[in-house]
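Since the structure of chain A is already known, use the hints to place chain B on it.
Chains as they are written, first to last, in the working numbering: chain A, 1 to 194; chain B, 1001 to 1135.
Quick caveat, the hints were computed from the structure, so don't treat them as lab data.
None of these values were measured; they are calculated from a predicted model.
The reader is advised that the hints may include incorrect statements.
What the hints assert, rightly or not - Derived, one-sided and incomplete: chain A residues facing chain B with beta-carbon distance under 10 Å: (1) ALA52; (2) ASN79; (3) GLU134; (4) ALA136; (5) GLY137; (6) ALA170.
Claimed, not checked - Output of the computed footprint for chain B on chain A, the stretches with three or more beta carbons under 8 Å from beta carbons of chain B: (7) 55 to 62; (8) 120 to 133.
Just so it is clear, CB atoms sit at the ideal spot from N, CA and C, and this is done for glycine as well.
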Amino acid sequence: MATRREFLWAGGLALAGLAAAWADPPLAGARLGRVPAGSAGRVVEIRMRSDALGSRVWFDPVGLRIAPGTTVRWVLEANVHSTTAYHPTNGSWASRIPPGADPWDSGMMTRPGQTFERRFDVPGVYDYFCIPHEMAGMVGRIVVLAEGASGTGLSEPGPASGPLRAPSDAALAALPSIESIVRNGSVRAPDPGR
Amino acid sequence: MRKRTSFTLAALAALAFAVPALAQPQAPAAPFQPVSALVDLPDFIPGMGSLYVDPATLPAGPFLAYDREGHLVSTIYMVPLAAMTEHQNFDGLAVGDGEVDHVDIQYNAGHPGVAEPHYHVVLWYVSPEAAAALQ
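If we strip away everything but chain A, and leave its shape as in the complex, we get:
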């Protein structure tokens, strides 16, 4: 007997209703790929997106640089998604967040407009994924870096070892480089309509 989590649901999801207007506007730059200076203590948004058939799914932006103390708000736009840190507490994944940082897992988000927030205080590189879409490459990367810092010394998370799981090939291929995030402030996924 399948467990609740193991259970299938038919997911061509046309849960295409867009999120409601932003009652508490986030940093405008978050939409366009830039986080302005002075963002510490502010909120930036990452959209959890999908096409109508559920064929293409992605975080938007997929890469984001923020200052320590910034809160990230994930907003479910369509389909069913999660935002889940690569960490042993989230399903035996090898950690891909900084030592000393707390992992997070939104659980399954099912209602368009639903949000999940998490404040980032520890500098470093955070890789996360969507539980049902990890193998499809729906991942994101957040670089927490003090304003004005160059990012020198930041490095890609190391490979998994022992029984801990590594990201799928599709996930690794979809992660933007740390350098591109530091340079651009944020990185958007390739046009899914290509």
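Relative to the frame of chain A, chain B by itself:
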């Protein structure tokens, strides 16, 4: 024995047989269960309808989809890409009771329960226009 993939429509039609207790309009009887009762999903999914499945038939299904009036609108099978590349067979799949109007074969990036890329094979019993109106 060499495995082969059998996903052609002809094969599906040849292998399918009627699911009992699908009198319309009403939900299918046990062992079918509403998907919405098993996961945190709406009772009605726009573009698809209200879905039912017998858990013993996972992952392929069939899933039976109903419109808001309780009429069967489609039978859906889900085939992971990994199953295809491994040349797995899915023989003797059941099918809903109705005359097939058209078939959609659609890629899906994954969803709870099938957290991997896969294909939906959808046998529609209604026109494309009626399918699009499932909102």
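Of all the hints given earlier, name the ones this structure violates by number, lowest first. When the structure is compared with the hints, none of them turns out to be violated.
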